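Participant: As numbered in my numbering, residues 1 to 357 make up the sequence shown, in order.
Mixed in with the good hints there might be a few duds.
Computed list of lysine-lysine pairs in DSSO-like fashion (alpha-carbon distance at most 27 Å, straight line) [said to hold, decoys possible]:
id: 1; residue 1: K66; residue 2: K77
id: 2; residue 1: K3; residue 2: K356
id: 3; residue 1: K223; residue 2: K66
Honestly, the hints are just simulated from the structure, not real lab data. Note that the coordinates shown come from a computational prediction; the quantities given were computed from them, not determined experimentally.
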Amino acid sequence: MLKPAEASANSALATFNYTTVSTRDGNTYSGVMVGQDPFSSGPFTITAVDTPIVPLIITTKSVAFKISRGGILSRIKGFTTFDPTVADDACLKSPNDVPLDVALQSPIFQATDFSFGPTSVGTTQYIDAFQRGNFSLQGTDYHTLLSPRVLRPIHLVFPANEALAIPSGLFGACGPLGIVNINTIYPVLLNLLAEEGFDSSQFPIFLMYNTVMSIGVPNNLNKCCILGFHDAIGSPIQTYSPFDFDTTGLFGPTIKDTSIAAHEVGEWMDDPFGNNPTPLWGHVGQVGGCQDNLEVGDPLTGTNVPTVTSPVNGFNYHLQELAFFSWFYGAPSIAVNGWFSDNNTFKHDAGPVCTKK
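Full structure from sequences and hints, please.
Facilitator: Pasting the structure below:
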């Protein structure tokens, strides 16, 4: 695997390199983030990243009808289509009933007033607000923004043994949930990256609706569910992210609508190539063991900032809380308010280097 700086040199994505000494273990770490160098003397400007959004219309050919005590779904033949471009009045309410439109009008892509505690970090997109707070850049012209544009929807049909639908009645959801084997959809996504002609300066997003991924066969709930990921592949290195816009409520009250987008886009911003090293941390959020990279969403999966009501459409958006740079590398915090995460859930850094429990 390329080192972060080598990866940056092999991509046209607008990035900066950083080097820091961790107070958690005394070692020096180097990595890459998207945008302008916040450690420079400026002047600071706007970095805008072209963000093509590809709506994925997904059709599955099997339907679950029973679950065993061991978490295995029994299934029969049946077609179900998950389409983010059409109204879903079962899980959403008019006029905010077209998932793609609701996603585009969210604080992930639209300017919204953000304050972290007593401090305003500006009227901007959520991940930019996070990054401004991350390095105490509120009050400056520093911005890293997504420039979204919607491309034609792509319809994917998966074989019955590689994808299924869980009907609403099985778990009491408002609508069905699709599950696709990640080993099946991953090469499809790589082919789409090539076919659509994206270049490495762009950040393509593949938007799914109420559809998640399994590790292996989709009827084994013990291997489910991946709600999204960010990835970097090829040469020049292309970053991209597929994720679910979820309205089923099956993943709890906090993992809804744009909480998954906040997680994945935040991690892309601060670890675009997936290899920014940190001292070991873990046993928190979705990480049961130890992890050693700068994934700002993983430590706080399931924990959100206060719900944001959009001035554009009045929709109440869920946005995951994200961990600041200083949480990974150690106190004192260089972030806004001296915090370690953008809703102050973390009161200190990640602590002693992680060990297995």
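Participant: Confirm or reject each hint.
Facilitator: Each hint, compared with the structure:
1. K66 x K77: Distance ~13 Å between K66 and K77 Cα, so the pair holds.
2. K3 x K356: 26 Å, holds
3. K223 x K66: 17 Å, holds
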